[in-house]
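S.K.: Each chain is listed here by its residues.
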Amino acid sequence: MSRKKIINIEIELLLRDASNVLSKVKDRPVQSLTFKVLLGVINLYILMGFLLYLLVKGSLVEGINTDFLDQGYLSILNTRATVVLVFLMILNISAYYNYGFKYLSTILFIYMLNSAIDIAILFSGFSQIAERPYFSVFQLSRPLFLICLIWIAIVHKDQIKDA
Amino acid sequence: MFKSLQLSKAFWIAISIAYSYCLFVLYVFLISPGDVFNLEIATQYYFAIKLTTVRLVFIVFALIAYPVILSRFLKYAKYVTVALTAWAFIMYIEDYFILYSMIEYPEGSSIDVVHLLRPIFIISLIWMCFELIFIAQPRE
Chain A
1 MSRKKIINIE IELLLRDASN VLSKVKDRPV QSLTFKVLLG VINLYILMGF LLYLLVKGSL
61 VEGINTDFLD QGYLSILNTR ATVVLVFLMI LNISAYYNYG FKYLSTILFI YMLNSAIDIA
121 ILFSGFSQIA ERPYFSVFQL SRPLFLICLI WIAIVHKDQI KDA
Chain B
1 MFKSLQLSKA FWIAISIAYS YCLFVLYVFL ISPGDVFNLE IATQYYFAIK LTTVRLVFIV
61 FALIAYPVIL SRFLKYAKYV TVALTAWAFI MYIEDYFILY SMIEYPEGSS IDVVHLLRPI
121 FIISLIWMCF ELIFIAQPRE
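Those protein sequence lines, which keep their order, are chains A and B.
Per the numbering used here, the very first residue in the first sequence carries number 1; after that it's consecutive.
Per the numbering used here, the very first residue in the second sequence carries number 1; after that it's consecutive.
Note that these hints are calculated values from the structure, not bench results.
A hint or two may mislead.
Straight line, CA to CA, 27 Å or less: simulated DSS-like cross-link-like pairs of lysine-lysine [said to hold, decoys possible]:
no., chain 1, residue 1, chain 2, residue 2
1, A, LYS36, A, LYS157
2, B, LYS75, A, LYS102
3, B, LYS75, A, LYS157
4, A, LYS36, A, LYS102
5, B, LYS75, B, LYS9
6, A, LYS36, B, LYS75
Build the full structure now, drawing on both the sequences and the hints.
M.R.: Dropping the structure here:
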């Protein structure tokens with residue numbers, strides 16, 4: 001076996017051991033890059049939704065059919081935006097302490113799915129998609145968000161042995 | 001098939017309550033939907049029935065799939081139970097605190113019973129969650 005090949009094997013072994021050591025820092029598993037990206041996407045989606053709600057509430061967005069809002073959508077959006085923001089905080093705390101994250105992401109998935117179904121049933125007849133472009137973009141991108149929530153629950157590592 | 005799951009009697013009582021409630025809801029809304037002809041709040045009735053129909057489809061699917069998941073995939077049964085409990089609880093909260101101005105359920109004694117028994121159904125599901133998360137172990 002050549003000297004170069006031996007060195008490569010040694011380096012590989014060292015790196016593998018180092019990754020195991022890193023994953024046991026503070027008795028906590030190190031989450032993957034996919035997990036971090038997905039958590040970032042989830043945070044971004046919810047924060048953008050909350051920003052959209054604040055803009056609509058303050059009448060700072062043009063091109064929205066006000067009849068549609070008067071039908072009760074704004075009051076529903078008001079409650080849901082607050083609930084989801086609180087949920088996001090709890091989810092982030094759970095990710096930081098690595099406790100109950102899978103359960104929380106499952107519950108958030110169910111909440112978002114239920115709210116999407118409710119909105120689709122209750123408000124589909126009031127307005128066309130083109131009359132509420134901002135909400136429509138938000139609603140149409142919901143399936144991607146739901147996929148992110150399922151994906152993050154799958155890639156999350158509960159214990160060091162998963163890492 | 002279920003004996004190897006090592007679940008307590010309380011769990012089986014809770015699941016029986018949950019299944020009985022779901023079957024009662026199916027019976028009430030499919031067989032005797034109550035007085036739906038009050039024209040003063042026809043729109044709210046319409047939304048409530050529409051929403052209930054979609055929910056009933058999910059309930060039927062869950063009633064069929066849950067025993068299969070519980071018997072074959074106990075590792076995932078706790079996540080499914082948590083999801084179903086969250087869904088039941090979210091629907092309860094939303095109906096009374098968020099969608100109350102949009103929907104109105106038809107009047108009728110059996111529908112009132114459905115609403116009265118809803119907290120018991122949710123408590124049963126919560127008990128099932130605790131049992132599966134903290135007590136039940138997957139079979140070898």
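S.K.: Work down the list of hints and note, for each, if the structure agrees.
M.R.: So, going through the hints one by one against the coordinates:
1. A:LYS36 <-> A:LYS157: With a Cα-Cα distance of about 12 Å, the restraint between A:LYS36 and A:LYS157 holds, given a limit of 27 Å.
2. B:LYS75 <-> A:LYS102: holds (13 Å)
3. B:LYS75 <-> A:LYS157: Roughly 15 Å between the alpha carbons, so the hint for B:LYS75 and A:LYS157 holds.
4. A:LYS36 <-> A:LYS102: The hint holds at about 14 Å.
5. B:LYS75 <-> B:LYS9: holds (20 Å)
6. A:LYS36 <-> B:LYS75: holds (25 Å)
When held up to the earlier numbered hints, the structure conflicts with none and fits them all.
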